[in-house]
Structure formats: C-alpha cells, structure tokens
Amino acid sequence: GSLIYEAGKSAVIGATRQMATEFGPMGIRVNAICPGHIVTERVQPQWDANPSGLKFFENQYPLRKVGKPDDIANAVGFLCSDAASFITGHSLVVDGGLTIQLQENFGVQQAHFLKENPDTTLPY
Numbered sequence: 001g002s003l004i005y006e007a008g009k010s011a012v013i014g015a016t017r018q019m020a021t022e023f024g025p026m027g028i029r030v031n032a033i034c035p036g037h038i039v040t041e042r043v044q045p046q047w048d049a050n051p052s053g054l055k056f057f058e059n060q061y062p063l064r065k066v067g068k069p070d071d072i073a074n075a076v077g078f079l080c081s082d083a084a085s086f087i088t089g090h091s092l093v094v095d096g097g098l099t100i101q102l103q104e105n106f107g108v109q110q111a112h113f114l115k116e117n118p119d120t121t122l123p124y
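1 is the number of the first residue of the sequence shown in the numbering used here; add one for each residue after it.
Treat the hints with care, since some could be wrong.
[Claimed, not checked] For lysine-lysine, the following DSS-like pairs were computed, each having C-alpha atoms within a straight-line distance of at most 30 Å:
no.	residue 1	residue 2
1	K55	K68
2	K115	K68
3	K115	K65
4	K55	K115
5	K65	K9
6	K65	K55
7	K9	K68
8	K55	K9
[What the hints assert, rightly or not] Each pair of labels, with its calculated beta carbon distance range:
no.	residue 1	residue 2	range
9	A15	Q46	29 to 35 Å
10	E41	A84	14 to 20 Å
11	Q110	S81	35 to 41 Å
12	E116	D82	29 to 35 Å
13	E116	Q18	24 to 30 Å
14	L63	V108	19 to 25 Å
15	Y5	V108	18 to 24 Å
16	P25	N117	19 to 25 Å
Keep in mind the hints are simulated off the structure, nothing from the lab.
Even glycine gets a Cβ: it sits at the ideal position worked out from N, Cα and C.
Sequences and hints are given; from them, build the entire structure.
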C-alpha cells in the first residue's frame with residue numbers, strides 16, 4: 001500500500017542526505033531524483049489503449065504533460081555535470097509541478113473525471 005511506498009521514498013531521501021555528509025569529504029556528491037509519472041515503453045501501451053485517461057493525467061500537471069524518460073535523463077545529466085558541482089544531498093523533484101498542485105484534491109478531481117468519462121479506466 002501507500003504506507004510502504006511513502007516509507008521507501010522517505011528512506012531514499014534520508015539516505016541521500018546521510019551519504020552526502022559521509023562521502024562529501026571524499027569529493028563524492030550524492031543526490032536523488034524524485035520522478036513523477038513517467039511514460040515509459042512499459043506503460044505506453046496502457047495509455048495508447050486509454051487516451052482519455054492519459055488526457056486526465058496530463059491535465060493534472062501544471063505543464064499539461066506527463067514525463068518522458070528523457071526528462072529524467074536530463075536531470076541526471078545535470079546533477080552529474082560540473083554545473084551541479086556544488087549540489088549534494090539534494091532530492092530533485094522531476095514531476096512537472098504535480099506534487100505542488102495536487103497534494104489534497106487529486107482524489108476529488110479523479111472522481112469527477114471518472115463520473116464525466118464512465119468508459120475510462122485509470123491505471124491507479
């Protein structure tokens with residue numbers, strides 16, 4: 001359930017911060033990526049079969065799109081680059097602004113969408 005998922009996310013963030021302090025004196029930077037929903041090859045067929053469900057998810061993001069693998073790769077590339085040489089212990093959220101927008105009303109929006117689109121199924 002969500003308890004284990006949330007505990008796992010918190011553990012990664014805590015471990016990132018702890019490792020950054022432990023390995024920093026050796027010149028090693030430690031950062032984490034916190035991705036939003038990323039449309040990968042594995043989940044793309046679900047969205048191809050359910051374009052209205054994908055539209056629902058896209059509309060939840062301030063940027064009105066879901067993430068692609070390149071969005072994560074670009075964030076990793078930045079954190080590994082010299083441009084991020086003074087960044088360590090950071091958890092970079094790469095989610096198109098979703099977490100700042102939806103914290104409390106996602107369930108309400110989802111229920112409203114499903115009521116208006118009864119033939120749609122959402123994968124979550």
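Hints, one by one, checked against the model:
1. K55 to K68: Distance of about 15 Å is within 30 Å: holds.
2. K115 to K68: Holds. K115 to K68 sits at ~28 Å (cutoff 30 Å).
3. K115 to K65: holds, 22 Å
4. K55 to K115: holds, 15 Å
5. K65 to K9: holds, 23 Å
6. K65 to K55: Satisfied, since the Cα-Cα distance of roughly 8 Å is no more than 30 Å.
7. K9 to K68: The hint holds at about 20 Å.
8. K55 to K9: holds, 27 Å
9. A15 to Q46: 29 to 35 Å: For Q46 against A15, whose Cβ atoms are near 31 Å apart, the range 29 to 35 Å holds.
10. E41 to A84: 14 to 20 Å: violated, 28 Å
11. Q110 to S81: 35 to 41 Å: Since the Cβ atoms of Q110 and S81 sit about 37 Å apart, the hinted range of 35 to 41 Å holds.
12. E116 to D82: 29 to 35 Å: About 49 Å separates the Cβ atoms of E116 and D82, which means 29 to 35 Å is violated.
13. E116 to Q18: 24 to 30 Å: Cβ of E116 to Cβ of Q18: about 46 Å, so the range 24 to 30 Å is violated.
14. L63 to V108: 19 to 25 Å: At 21 Å between Cβs, range holds.
15. Y5 to V108: 18 to 24 Å: holds, 21 Å
16. P25 to N117: 19 to 25 Å: violated, 55 Å
Of the hints listed earlier, those the structure fails to meet are numbers 10, 12, 13, 16, in rising order.
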